[in-house]
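Engineer: Below, each chain spelled out in residue letters.
Protein chains: 2
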Amino acid sequence: MGKRVVVVGGVAGGASAAAKAKRENPELEVVVYEKSGWVSYGACGLPYVLSGEIPRLEKLVARTPEEFRKQGVMVHTRHEVVDIDPSLKTLTVFDHTEGRTFQDRYDHLVLATGARPTIPPIPGTEQAGVFTLRNMEDGEALLKALEGARRAAILGAGYIGLEVAEAFRKRGLEVTLLEARDRPLPHWDPEVGALLKEELERHGVEVWTGVRVTALRGSGRVEAVETSEGVVPTDLVLIATGIRPNVELAQAMGVALGPTGAIATDERMRTNLEEVYAAGDVAESFYQVLKRPYWLPLGDVANKHGRTAGAVIAGKEARFHGVAGTAIFKAFGLAVATTGLSLEAALKEGYAAKKVFIKSRDGAHYYPGSQPLFVELVYEEGTERLLGGAVVAFDHGALRIDALAALLSRGGTVEDLLALDLAYAPPFSPVWDPLLIAAQEVR
Amino acid sequence: MGKRVVVVGGVAGGASAAAKAKRENPELEVVVYEKSGWVSYGACGLPYVLSGEIPRLEKLVARTPEEFRKQGVMVHTRHEVVDIDPSLKTLTVFDHTEGRTFQDRYDHLVLATGARPTIPPIPGTEQAGVFTLRNMEDGEALLKALEGARRAAILGAGYIGLEVAEAFRKRGLEVTLLEARDRPLPHWDPEVGALLKEELERHGVEVWTGVRVTALRGSGRVEAVETSEGVVPTDLVLIATGIRPNVELAQAMGVALGPTGAIATDERMRTNLEEVYAAGDVAESFYQVLKRPYWLPLGDVANKHGRTAGAVIAGKEARFHGVAGTAIFKAFGLAVATTGLSLEAALKEGYAAKKVFIKSRDGAHYYPGSQPLFVELVYEEGTERLLGGAVVAFDHGALRIDALAALLSRGGTVEDLLALDLAYAPPFSPVWDPLLIAAQEVR
Numbered sequence: 001m002g003k004r005v006v007v008v009g010g011v012a013g014g015a016s017a018a019a020k021a022k023r024e025n026p027e028l029e030v031v032v033y034e035k036s037g038w039v040s041y042g043a044c045g046l047p048y049v050l051s052g053e054i055p056r057l058e059k060l061v062a063r064t065p066e067e068f069r070k071q072g073v074m075v076h077t078r079h080e081v082v083d084i085d086p087s088l089k090t091l092t093v094f095d096h097t098e099g100r101t102f103q104d105r106y107d108h109l110v111l112a113t114g115a116r117p118t119i120p121p122i123p124g125t126e127q128a129g130v131f132t133l134r135n136m137e138d139g140e141a142l143l144k145a146l147e148g149a150r151r152a153a154i155l156g157a158g159y160i161g162l163e164v165a166e167a168f169r170k171r172g173l174e175v176t177l178l179e180a181r182d183r184p185l186p187h188w189d190p191e192v193g194a195l196l197k198e199e200l201e202r203h204g205v206e207v208w209t210g211v212r213v214t215a216l217r218g219s220g221r222v223e224a225v226e227t228s229e230g231v232v233p234t235d236l237v238l239i240a241t242g243i244r245p246n247v248e249l250a251q252a253m254g255v256a257l258g259p260t261g262a263i264a265t266d267e268r269m270r271t272n273l274e275e276v277y278a279a280g281d282v283a284e285s286f287y288q289v290l291k292r293p294y295w296l297p298l299g300d301v302a303n304k305h306g307r308t309a310g311a312v313i314a315g316k317e318a319r320f321h322g323v324a325g326t327a328i329f330k331a332f333g334l335a336v337a338t339t340g341l342s343l344e345a346a347l348k349e350g351y352a353a354k355k356v357f358i359k360s361r362d363g364a365h366y367y368p369g370s371q372p373l374f375v376e377l378v379y380e381e382g383t384e385r386l387l388g389g390a391v392v393a394f395d396h397g398a399l400r401i402d403a404l405a406a407l408l409s410r411g412g413t414v415e416d417l418l419a420l421d422l423a424y425a426p427p428f429s430p431v432w433d434p435l436l437i438a439a440q441e442v443r
Numbered sequence: 001m002g003k004r005v006v007v008v009g010g011v012a013g014g015a016s017a018a019a020k021a022k023r024e025n026p027e028l029e030v031v032v033y034e035k036s037g038w039v040s041y042g043a044c045g046l047p048y049v050l051s052g053e054i055p056r057l058e059k060l061v062a063r064t065p066e067e068f069r070k071q072g073v074m075v076h077t078r079h080e081v082v083d084i085d086p087s088l089k090t091l092t093v094f095d096h097t098e099g100r101t102f103q104d105r106y107d108h109l110v111l112a113t114g115a116r117p118t119i120p121p122i123p124g125t126e127q128a129g130v131f132t133l134r135n136m137e138d139g140e141a142l143l144k145a146l147e148g149a150r151r152a153a154i155l156g157a158g159y160i161g162l163e164v165a166e167a168f169r170k171r172g173l174e175v176t177l178l179e180a181r182d183r184p185l186p187h188w189d190p191e192v193g194a195l196l197k198e199e200l201e202r203h204g205v206e207v208w209t210g211v212r213v214t215a216l217r218g219s220g221r222v223e224a225v226e227t228s229e230g231v232v233p234t235d236l237v238l239i240a241t242g243i244r245p246n247v248e249l250a251q252a253m254g255v256a257l258g259p260t261g262a263i264a265t266d267e268r269m270r271t272n273l274e275e276v277y278a279a280g281d282v283a284e285s286f287y288q289v290l291k292r293p294y295w296l297p298l299g300d301v302a303n304k305h306g307r308t309a310g311a312v313i314a315g316k317e318a319r320f321h322g323v324a325g326t327a328i329f330k331a332f333g334l335a336v337a338t339t340g341l342s343l344e345a346a347l348k349e350g351y352a353a354k355k356v357f358i359k360s361r362d363g364a365h366y367y368p369g370s371q372p373l374f375v376e377l378v379y380e381e382g383t384e385r386l387l388g389g390a391v392v393a394f395d396h397g398a399l400r401i402d403a404l405a406a407l408l409s410r411g412g413t414v415e416d417l418l419a420l421d422l423a424y425a426p427p428f429s430p431v432w433d434p435l436l437i438a439a440q441e442v443r
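Going down the list, the protein sequences come from chains A and B.
All residue numbers for the first sequence refer to the numbering used here, where the first residue is 1 and numbers rise by one.
All residue numbers for the second sequence refer to the numbering used here, where the first residue is 1 and numbers rise by one.
Be aware that one or more of the hints could be misleading.
Pairs involving identical chains hold if they fit within one copy or between any two copies, as the list cannot separate such chains.
Once the Cα atoms are required to be at most 20 Å apart in a straight line, the calculated SDA-like pairs of lysine to any residue come out as [stated by the list, open to error]:
| no. | residue 1 | residue 2 |
| --- | --- | --- |
| 1 | Lys330 | His365 |
| 2 | Lys330 | Asp395 |
| 3 | Lys316 | Asp416 |
| 4 | Lys3 | Arg105 |
| 5 | Lys330 | Arg361 |
| 6 | Lys330 | Phe394 |
Since the hints were derived computationally from the structure, they do not count as laboratory data.
I would like the entire structure built from these sequences, with the hints used as guidance.
Structural biologist: Here it is as structure tokens:
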């Protein structure tokens, strides 16, 4: 009889861990408990369901519970793990469907409890018509609310706020985007935010920056957002001001958190407790740029975490190599990709950091239909070590961020970037690749 | 009075060298002699003029002779350098417009004489209606010939042949593409060639592979291509079977060639002769993968050569870091990018090489409009050192080749590739980037 693997949470990290463990070692008994009604789906696709581009939530599902079962993985949805005793390796599970509590045991445990939205401490957030967008249930609720809605207000201009602004516009809503800081994508430098603001406004989004939200007005159902700059009447509100890891279960059983507040792991995704792993948005990653833990709650990272944990549990050699902090997203026509540290973040870290920001194109100057493309490079003065960067483009050309991420993962310098033989042909790049133009600008 | 820099050839390498030298040291007297009537243009754009997408040849010009003059660089077109005496640092120039010969002198010399098409040793190639596509004059001639033409035959399915096949189809011609080897893009592995063949045929190109061309029939004007597989009637023929460096002038003055047959240079683009530099398609590059000279006659490489030579002449610190062999091109909807060694080339080099070839997508499985995307990785067995690879996509997503090129430039392994934090969002990539899927496939 094989050992028993229990996975707590079945979305990205958890689903990956379960599938990989079973695939690598079919002797293992693998069980997934998922609190919600859905497992193994691409939460990053939710905005495209809201926009109507993807016709049904079900399309986001990678593996159904039935498919897991065929692979020998037992998946229990609407099952919430409420307590874990690591000394006995037992857990208490509440079955929301049957309304009953039962005990289970594990040899290996994977904590993949994810993250949840933070709700700002203002009056009125508990009303009907106020939403977050994190999981399929959120998506279902929002889809329903969209049917009657004409106006929407979005609190927070990070990835989710920006993607949903586009989705809501595509559904024909009037959209007001409210951001406390002075620009969209406030965790990155201002030039990128300015490009985003322009693109949002070109597509009819009202962008209010530097605005403090003080309350959500309404009597049971939200009717307006009250802010430092005036009142925004609305039919629904999306709160997208940030998320935090669901670490309560881990903490209660004695799993150590790291400096970021998420679960600390090693490169095999092991926690401080024996045979207890963590994966996905609840877990930290090693940050290749700063050589210390970092919390990067993104879908691809969660999948890597899960796959690593699953392989290690199955007895395979596997390591998670950490993150460079790479991310990309689309806001209307604009593709925005970033990696490593912004200038602001690098200065905050104490680096003598500088940046260049250049405008180039995604094709040769003479190539018809070529579009503007922007590159930011952040580097340390003196050593010229690369610390981060951004590429903003009107298409997949923003993926040249990957070459920069490759350099960041190994402590590359501006000279290393200049040494790269990047792909050139008139439909794809100017004869000097925009990354190289930016690197030359440093000199 | 500043020193005198003479640049022989003014297209990509030469124009870059001249502009950079003058910009970095305005004291320098910089003179460019160009045999043809055009300088400083993007020859890579010629297929898009033939297709009609770019309305005029002039659009390809980056700097006109007048613009050079304003920057203090004297440009003489239709001036052919016919002899150089490196002991006296003098040169003999023939002015094709005036029909006269004169002497000049230099302190620094840049050889940027480019390359020319190879013509297969078969009867009939000297006839009217037979073309090559290398420079603006070729483009002019072809544009004129296209006016009356209904059918075209292209000899050679490398980059130029493939790009021109698309251009000719866009002009409404019947196109037959004839390739001696068994696939288009014969210098790369068969899977990529098969994708290309499918795309070409989908767009109405007749693709004949494994075919030996024996003669061009016609009596003064070409009428048909005679091959081992039959006769192809045609109104015009494009010969695109390869190019070779124009090294005769260099050889005559005692400049050493390298193992590839192009001019040998160091990382400052210096030749064996004092104050004689080489740049562009006439010069070799250092190959980062094989750590030895390599001839990669591409526009971006030529520009890097020229910029390096110009900076060094101006007294600046500058180095050319060599090439990874990266290239990209478009054939109808398909973007094909390669870097480093194909499996075939790696085996020929004596590596215990293997490859993986995977099919993925350029977006999440659920993202509407996402398209197939293919990745090949070539690596050394045992060490798992990356030797090369290809990305074939239906758009700029093929630029993820740049991340692979970044690894190749530093001897990266499959594990280094797995360590990369590549950009993920549903419109741009599956949650596992296709490069990572390919790397996992190695295991």
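Engineer: Decide, hint by hint, whether the structure agrees.
Structural biologist: Verification of the hints:
{"no.": "1", "hint": "Lys330 <-> His365", "in the structure": "between (24 Å within a copy, 17 Å between copies)"}
{"no.": "2", "hint": "Lys330 <-> Asp395", "in the structure": "both (9 Å within a copy, 16 Å between copies)"}
{"no.": "3", "hint": "Lys316 <-> Asp416", "in the structure": "between (34 Å within a copy, 18 Å between copies)"}
{"no.": "4", "hint": "Lys3 <-> Arg105", "in the structure": "within (10 Å within a copy, 83 Å between copies)"}
{"no.": "5", "hint": "Lys330 <-> Arg361", "in the structure": "both (18 Å within a copy, 17 Å between copies)"}
{"no.": "6", "hint": "Lys330 <-> Phe394", "in the structure": "both (9 Å within a copy, 18 Å between copies)"}
Hint compliance for this structure: no hint is broken.
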